[in-house]
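Chain A is already provided as a structure; the job is to place chain B on it using the hints.
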Amino acid sequence: MSTRANTGPAGAQIVITGLGASTPLGGDLPSTWEGLRSGRSGISRIEQDWDDELSVHIAAQAKVDPASTMERSEARHLDRSSQFALVAATEAWADAGLAPERSDGTAGDDRIDPDRLLVSLASGIGGLQSLVGSWDVLQSKGQRRVSPFTIPMLMTNAPAANVGLRFGAKAGVHAPVSACASSSEAIAIALDQLRWGRADIAIVGGTEAVIHPLPIAAFAQMQALSRRNDEPERASRPWDQDRDGFVLGEGGACLILETLEHAQARGARIYGTLAGAGITADSHDLVQPDPSGAGQRKAMVKALADADLSAADIAHVNAHATSTPQGDATEAQSIAAVLGEGSSAVATGTKSMTGHLLGAAGALETIAALLALHERVVPPTINLERPDEGLTIDIAALATRDLPTGDLAALNNSFGFGGHNVAIVVTNAHRTG
Amino acid sequence: MATTEEIRADLAVIVNEVAGVAADDAQLDKSFVDDLNVDSLSMVEIIYAAEDKFGVSIPDEDSKNLRTVGDAVSYIEKALVSANA
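Sequence order for the protein chains is A and B. Per our numbering: the first sequence = residues 0 to 432. Per our numbering: the second sequence = residues 16 to 100.
Isolated chain B (complex conformation):
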C-alpha cells in the first residue's frame, strides 16, 4: 500500500509534467489553482493522468472538489483502500 508521501510524490511528478510546477512545490496544503497556478485545462489532464497512474477512477463530480494537493492525495488514498477492500 502506497504511503501518503509516495502518492504525493507521484502526483507531484504529474503536476510537474503537465503544468511545469516544481515537484517540491506541490505540497499537501497547496491549492492547485491559487498556489500552483494550474489552469482548468491542465487540471483535467492531471486528473486523468492520476487515474492512469494510480489505477483509480476520479469522476468529474468529485474532481471538481479537489482544491488542494492534499485533497487529491486523500481522495486517491481512499479510492485505493476501497479498491483493495
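Pulled out of the complex, with its shape left as it was, chain A reads as follows:
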C-alpha cells in the first residue's frame, strides 16, 4: 500500500492518536466498540411521557446520561449536545496521553501550545432541546424566567466552542454544519488545516442530542423514520428488504489528530493515519440524494486520490447506510462502482446497532472504521436477514468478519440533507521515514 498521501504545503502526514465516544452502546469508546463487535443493538423504546402522541416510539438513546458525569452547575449551562462533545473530547484527550490540566491550573496539557491546537467539531442540528425548552419557559412564565444562557446553549457552534474552552484551543474553533455529514466534514476541514501547517494538533468530532418530540415528529412526517415500534432492536436494518427508515440516535464521538512529527516528538501512541478526504455536493434536491449516486462516487474517488490510494487498497467500508429504502440501495451501487468488481473490501452498516447519530455519525463511524482496521475485525450489520437483491458489495451481514494482516485502508461515507457527500480514508499504518 502506498503512503504518499497528499500532505499539503507543510508536508505533514496526519495521524490519529486519541479516540473517545459516548453512544447508545456505551458511555465510553471501549464499551461502544465492545457493543459494535458483539452486534449489540443500542435501540430501545423511548419510555417518555410524550412518545405516545407520536407514530415513532423508538430511538437509540445514550447509554450514559452525559450530565451524570459532570457537576450539576456545569451541566445546567450546557446543552446536551455540548455535554456529549465534552465527554467524548475528554476521553479522546486522555486516550492520546494528554493531561487535563496545565501546571498553572488552566485547562490543557503543558506540552501542547494553545496557539497550535485546533478544534473542528460539528453538530447537525445544534442545541434544539435548549431552544425549545426556553421557548416553553417564555410562553409559560415570561421573559424574566428565560435563561440568559439560552443563546450560548442553543448555538450550533457551542459544542466546538465548549471543547475549545476546556482544552485551551487557540488556533481556531470550527463547527461546520452539513446535516448528517457534519462531523465527517469537520474531520476533513481539520485534515486540511493540519496539512497547511495552521495547527499541529486538533480535537475533531461530532455530537447530536435531539431525541425530543419535535424532531421525531418532523422526521416522521418526512417518512424518514422506522416505525418498527414493537421490535426496537430490529428496526435499523441497512440493506435488508424489510427496512423502513432510520432510527434517531444521540451521542458524541471525538478523535485527536496530529501531524506525525508532533505525535512522534511527544511519543504518542498512533492508531493510524487520516489519509484523505473527499467532499462533494449533489446540488440535486434539498433532501433527496441524487439517485445516480454521482456525487457519492466522486466523494469516494476524491478521498482515494487525496490519500494517494487506489480502490484495490480499500479493505473495509463503513457505509452511511441509514436503513432508508432508497438511500441504502443508492449507496451500495456507488460503493460498488468505485471499488470495482475485483474488490475484496468488506462493508458494514454500524447504524444497525447505534441508530443514526446525525451530526455525530461521521466521527463515530470514522472511529469504527479505524478500529476495524486496528483490531482487524469488521463489526456486523445486524438485522441484515434478507439482503436486497442485486447487491454487489460484500457486507458483514449478521456476523463479524476478519480482516487480513498488513497495512490496511478503510473508507467511511457520510451523506447529509442538503446534498452533502463526504468520504474519509483512514489507514492503520503510518510512514515512519
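It cannot be assumed that every hint is accurate.
Simulated pairs of lysine-lysine, DSSO-like, Cα-Cα distance not exceeding 27 angstroms [to be verified]: (1) B:K79 <-> B:K93; (2) A:K140 <-> B:K79; (3) A:K140 <-> B:K93; (4) B:K79 <-> B:K45; (5) B:K68 <-> A:K140; (6) B:K45 <-> B:K68; (7) B:K68 <-> B:K93; (8) B:K45 <-> B:K93; (9) B:K68 <-> B:K79.
Restraint ranges, calculated between C-beta atoms of paired labels, are given here [unchecked claim]: (10) A:D64 <-> B:V28: 21 to 27 angstroms; (11) B:A37 <-> A:Q222: 48 to 54 angstroms; (12) B:G70 <-> A:A106: 37 to 43 angstroms; (13) A:E70 <-> B:K93: 28 to 34 angstroms.
Here are some of the chain A residues that sit facing chain B, going by a computed Cβ distance under 7 angstroms [claimed, not checked]: (14) W49; (15) E70; (16) S72; (17) R143; (18) R144; (19) P147.
Treat the hints as calculated values from the structure; they're not laboratory data. Every residue, glycine too, gets a C-beta built ideally from N, C-alpha and C.
Showing chain B alone in chain A's frame:
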C-alpha cells in the same frame, strides 16, 4: 418569618446549583463576582431563582447593586418584611 441565616442558606443552595459554588463559601461578606467567581449570566439566573424561591420581586435596577451575598440577603429580608406588612 425566615431568619437571616435561613435566607442565606437558601440563597447558598441556589448559588451552588447555578454556579457550582460550595454552599459554605457563600457567606454574607462574600462578593458574588470577586470572591465566588459568579459570572454575569449566572447572576441573572441566581436573581430569578431567588425571586421564585422567596416570592419577592428583584427588579434589574436593584439587582445590579447586590454585590455581596449579604446585600442580597438583606434585600430579600426587607422585601419579605414589606410583603408581610
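Cross-check of the supplied hints:
1. B:K79 <-> B:K93: Status holds; Cα separation ~17 angstroms.
2. A:K140 <-> B:K79: holds, 22 angstroms
3. A:K140 <-> B:K93: This hinted pair holds, its Cα atoms lying about 25 angstroms apart.
4. B:K79 <-> B:K45: holds, 16 angstroms
5. B:K68 <-> A:K140: holds, 15 angstroms
6. B:K45 <-> B:K68: holds, 21 angstroms
7. B:K68 <-> B:K93: Holds. B:K68 to B:K93 sits at ~15 angstroms (cutoff 27 angstroms).
8. B:K45 <-> B:K93: holds, 19 angstroms
9. B:K68 <-> B:K79: holds, 19 angstroms
10. A:D64 <-> B:V28: 21 to 27 angstroms: The hinted range 21 to 27 angstroms holds for A:D64 and B:V28, with Cβ atoms some 22 angstroms apart.
11. B:A37 <-> A:Q222: 48 to 54 angstroms: The hinted range 48 to 54 angstroms holds for B:A37 and A:Q222, with Cβ atoms some 52 angstroms apart.
12. B:G70 <-> A:A106: 37 to 43 angstroms: holds, 40 angstroms
13. A:E70 <-> B:K93: 28 to 34 angstroms: holds, 33 angstroms
14. W49: violated, 25 angstroms
15. E70: holds, 5 angstroms
16. S72: holds, 3 angstroms
17. R143: Check passed: Cβ of A:R143 comes within 6 angstroms of chain B, closer than 7 angstroms.
18. R144: holds, 6 angstroms
19. P147: holds, 4 angstroms
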